[in-house]
Amino acid sequence: VSALRTLLGVCERDRVSTNMRLKLPIICFILEIILIILFGVLVQYNEETDAKEWHKKNHSDYENDFYYRYPSFQDVHVMIFIGFGFLMTFLQRYGFSSVGFNFLIAAFSLQWATLMQGFFHGMHGGKIHIGVESMINADFCTGSVLISFGAVLGKTSPVQLLVMALFEVTLFAVNEFILLTLLGTRDAGGSMTIHTFGAYFGLMVTRILYRPNLDKSKHRNSSVYHSDLFAMIGTIYLWMFWPSFNSAITAHGDDQHRTAMNTYYSLAACTLSTYGMSALTAHDGKLDMVHIQNAALAGGVAAGTAGEMMLTPYGSMIVGFLAGIISVLGFKYLSPILEEKLKIQDTCGVHNLHGMPGILGAIVGAVTAAVATADVYGDGMKDVFPDVASGKVDASYQGGIQAASLAVTLGIALLGGLIVGFILKLPVFGAPSDTICYEDNIYWEVSLTVVSESFPTHFQEIPGENSVI
Amino acid sequence: VSALRTLLGVCERDRVSTNMRLKLPIICFILEIILIILFGVLVQYNEETDAKEWHKKNHSDYENDFYYRYPSFQDVHVMIFIGFGFLMTFLQRYGFSSVGFNFLIAAFSLQWATLMQGFFHGMHGGKIHIGVESMINADFCTGSVLISFGAVLGKTSPVQLLVMALFEVTLFAVNEFILLTLLGTRDAGGSMTIHTFGAYFGLMVTRILYRPNLDKSKHRNSSVYHSDLFAMIGTIYLWMFWPSFNSAITAHGDDQHRTAMNTYYSLAACTLSTYGMSALTAHDGKLDMVHIQNAALAGGVAAGTAGEMMLTPYGSMIVGFLAGIISVLGFKYLSPILEEKLKIQDTCGVHNLHGMPGILGAIVGAVTAAVATADVYGDGMKDVFPDVASGKVDASYQGGIQAASLAVTLGIALLGGLIVGFILKLPVFGAPSDTICYEDNIYWEVSLTVVSESFPTHFQEIPGENSVI
Amino acid sequence: VSALRTLLGVCERDRVSTNMRLKLPIICFILEIILIILFGVLVQYNEETDAKEWHKKNHSDYENDFYYRYPSFQDVHVMIFIGFGFLMTFLQRYGFSSVGFNFLIAAFSLQWATLMQGFFHGMHGGKIHIGVESMINADFCTGSVLISFGAVLGKTSPVQLLVMALFEVTLFAVNEFILLTLLGTRDAGGSMTIHTFGAYFGLMVTRILYRPNLDKSKHRNSSVYHSDLFAMIGTIYLWMFWPSFNSAITAHGDDQHRTAMNTYYSLAACTLSTYGMSALTAHDGKLDMVHIQNAALAGGVAAGTAGEMMLTPYGSMIVGFLAGIISVLGFKYLSPILEEKLKIQDTCGVHNLHGMPGILGAIVGAVTAAVATADVYGDGMKDVFPDVASGKVDASYQGGIQAASLAVTLGIALLGGLIVGFILKLPVFGAPSDTICYEDNIYWEVSLTVVSESFPTHFQEIPGENSVI
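Protein chains in written order, with full-length UniProt numbering: chain A, 1 to 469; chain B, 1 to 469; chain C, 1 to 469.
These are computed hints drawn from the structure, not numbers from a lab.
The beta-carbon is built from N, C-alpha and C at its ideal position, and this holds for glycine as well.
Mixed in with the good hints there might be a few duds.
[As the list claims (entries may be wrong)] In silico DSSO-like pairs for lysine-lysine, Cα to Cα no more than 30 Å straight-line:
id: 1; chain 1: A; residue 1: K392; chain 2: C; residue 2: K56
id: 2; chain 1: C; residue 1: K57; chain 2: A; residue 2: K382
id: 3; chain 1: A; residue 1: K425; chain 2: A; residue 2: K343
id: 4; chain 1: C; residue 1: K56; chain 2: C; residue 2: K382
id: 5; chain 1: A; residue 1: K52; chain 2: B; residue 2: K52
id: 6; chain 1: B; residue 1: K382; chain 2: A; residue 2: K56
id: 7; chain 1: B; residue 1: K57; chain 2: A; residue 2: K57
id: 8; chain 1: B; residue 1: K392; chain 2: A; residue 2: K52
id: 9; chain 1: B; residue 1: K57; chain 2: C; residue 2: K57
id: 10; chain 1: C; residue 1: K392; chain 2: B; residue 2: K52
id: 11; chain 1: C; residue 1: K56; chain 2: A; residue 2: K382
id: 12; chain 1: A; residue 1: K57; chain 2: B; residue 2: K382
id: 13; chain 1: C; residue 1: K382; chain 2: B; residue 2: K57
id: 14; chain 1: B; residue 1: K56; chain 2: A; residue 2: K127
id: 15; chain 1: A; residue 1: K57; chain 2: C; residue 2: K56
[Stated by the list, open to error] Pairwise CB distance ranges (calculated):
id: 16; chain 1: B; residue 1: I419; chain 2: C; residue 2: A407; range: 53 to 63 Å
id: 17; chain 1: C; residue 1: H283; chain 2: A; residue 2: T435; range: 45 to 55 Å
id: 18; chain 1: C; residue 1: F422; chain 2: B; residue 2: K57; range: 53 to 63 Å
Modelling step: build the complete structure from the supplied sequences, incorporating the hints.
What follows is the structure, given as structure tokens:
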């Protein structure tokens, strides 16, 4: 009886704690009001969005950065909200949360990222100047948070996720500042700053939030037929628009053009190796949707740093080809080990999609930078490696900086994830108990009319109505 | 027995009247043939789409308006066909009609809008000149019709919808002409011309088409799990591309750039207030998909007029924040009252997503216009407020015009909806009876193989086949 | 008993042959490695993607072709991967394969097409130069392969599809070379090169692969409610972005602008005639999802050749109007005849969507070319009909060339399909037997948890858990 009473108590505490009636409104309203105040104090239109400033100079309209970057921005935006959101709907009972929490934390993160990134590298006379490039950067930072979300998917409350986003965006901006501004690292598509950072941060958080009894929710931690189709919407959008992602903030002209094309071929090659590996590693040769949904994207991650460089098309294909192989092997053999031995419960397998391919991308970037020559880059060197072009450093040193940046990123991500993980353990944030993970019903009104009841009723009723006639 | 006989008679009449075998082909063919004839007589390529005219002058290719606006046009196009179409698939048994009728009436409306808008403000020497800007405007007008469609969703035949579109597009063009041409109102994103007009027109139509026995179809007027996921596709696309919507026809350069950015921040803020309010107004703190799907978009509607102005980023966020709050409150408390007291059966809650946020947007626009100064706008004033820049009116007068335009829009929408509502009551149009609303099976061939039967059979059969082996 | 034994033997052979454990990895890896080698030897960045070359000349950044074509490229990319992929998810048990095999063969084809098209019309000093235009062309060629995939959908293994793609891409490039380079044919949107070619190639392949006992899989060759909604995602994306498809590689300026607009109006008109015809040809006036999903797109196909010409808006609408009518009639009356009499089992009805509308488009193109005058085209003639502008041929001769090109295309497609069909019959490729066509479970791990079980369990469990409390 006392055991039951204890259980009751635990459950009741759980029931109370997962109730978001006050917690979620309070955090949403406080965060948004703080954002509005800080934007009011700190943020201004930049020269290209301000009516007065833009008209002071004698530009042609088509020189406005909007026309160079807005189409890429919208593609990135689709990746963030549709791509990440639907990719995670593969869970059978967690579709509302996957798309819905993705939506919430992305909407918060992009505002907070505008401030944090602006604070670290966008200040002009005490003000943060914003335009389409800062919007892309804010979406990029948001992407990193969503990668971490993938690691803890199904096991966190929306309040926890907002708190995680608050800290992760801040640390992202710090790491980005160290790499891009202090060290002069090149990482246009964010193999390091976005993917490696987001993955290892999230993996450390999920390690700290380790749930020993998670197997009680195991039956919900899988897909059903139609949930895998919804997830493919996310996959395909990520795949298609990754060329825009990697090229969105590179220099105008040949750089954007080349980056998009390198990524296009990297992804295509990655898809073939993913399909091959998926069939090869299955005992009956059947393709596994988990691999197709994730590993086929690794080529985009791995081309994130070197994509803007003169990687050559076949070089891009080699990178993508390897990324697909590594990623499938990770899903098949490494993830179970990480879970069992290291207690890392990585719901979406972000280590395989963003972690290892991110590291691969960083290494490829370092090597490609180290072998850069004036003969290959010509006057384009100043766009891709400004420090090399200006003579500040030589190419091999640039390569060394790239490699060091990977170490810095890993360090900040792991340490940050450690600290934030412990913060998220506070019971006040309303995490679900181990028995009700991967379940929309905790945080969402879910219709009690279910598919299997409504549909037959549906078609039985209609003849019924007619038969009355 | 005689009661049964009467019922039988009614039902039989219904059965006859909802049959679209002749009605739909007749109206489709007649409308399209009229469109083709009128296009043949009235419509010409404009200077930027005509092979001869474009090459007469010495332009650079990149000066063609196509490159300034086509990416935005395609985003708007996605909002019209995917956004509106899938947003309405939340109903459990009305997915075919939601996407399919949306598709039909949009395809008609954009052609008819080209003529009506061209007639009122696109004539050059007796001909309507068309290009990408007229295509965007036609899509905008179509959006207004689709908003009204949301109010009557599930209760109308496709023929009724085409007739409604025919009249609504015409009245839309009249209202737009009065505002933009006669009064000199600024409304680039259409808070008034598109959202307020479409919402109140549709609300009046659904009021006139009031169905006292609609509760007989109540069990179908709700969502199921996967239909809410389909609806989220619509929501997210509308949310992502709203910056393109509001900026699609603003002036080139800083104006498009600023409008897109203002809308981006308005929507982000709106999302946080929506989530907060949704949890706050639920007795158990659970999020309601209806709010997330709709209210999170109100920030785009509310930034429709002032988005192109120097609203400032934090001003945009305040507007979005308020719009989300108003919209959730509307869904929670106002809609039931409107239905019970005013007999307005608003299926999608367009009053909460387009009506009230549209009015908010109009008011914000009027205030922002009234406080415009040369100090803030500089030479950019001529793009945003040409009448103020030219000295024709002063800023506060422009603000007054903006406010008056809201009243004009409401008047024309309500009066128009009243008249069109009565026209739509004609039994010849084949509306469904009260018992079979929200039901695809009336107008679509629906497979009798249902999900719940096919899927288990599916997986049982496969082993079965193998076991034969 | 011996009959049973024979059956057993056949089935076992089937079971072995559909196992992809080695076949798929081998073909994927070999193809990709060959691609990488050939890219390494033959492919180079073109002047607009090469860092050194681009900076050699004194351009403005906005003159880079990337800004003219990349937004259109991304729209085409969406059509290829989401459009074609989801259009084919209408089958109840073949969603994974529809999206997944579409993904695989498209990722292969676009790489192979880069080489084949480059070899035939992109060589510069022994090297293939690539950039955004070659990427669009590669996607176009891929589209043709996916059309053929639609004809054989559900009846082929992924290995067969890759082999088909290998040959079809090659023949596509040959046909394209004959038309565009040797004959000087105009076909920017590919009514002939893409749609007619892909359709008749696929129809011949499916004819050769005729399965007399396919009716044993008949119960799976149909849609269920939600699979039709997934398919509508594909349809709507194809419809929306077809203006980008047809205009993606036309000349800069008025040409891209006009082509997009012509296609927009052609599609709108096509939608109305499709809805009308669908209701008219149903005995009960109910709309058929097959027509809406397919025939409404015929207007895009039919505007593929003449779209860039001075077709006029009303001319475009007439073309679209006719295309919709032809296409619905094809689905309703011709497809059953083709299957019964000619033994052409055309799963997606590509003859109705791509075959006949492609021929219509070719004819419209020939007529429009034949009547072209300097009075209408002015100096724009050199963009649309360079051979006419240069005086090499006159307009009526150009029209004759266009017509001849249709015949050439049909010849190469049918002959090519014949040969490739016989190659695909080799049992080593692992085609499914007649009893297990249209079935994901052959080639994919499909979760045994099914919708109808998981959902009720889901909602029953939750109260259960709470009631324990």
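Could you tell me which of the hints above the structure violates, numbers in ascending order? 5 and 14
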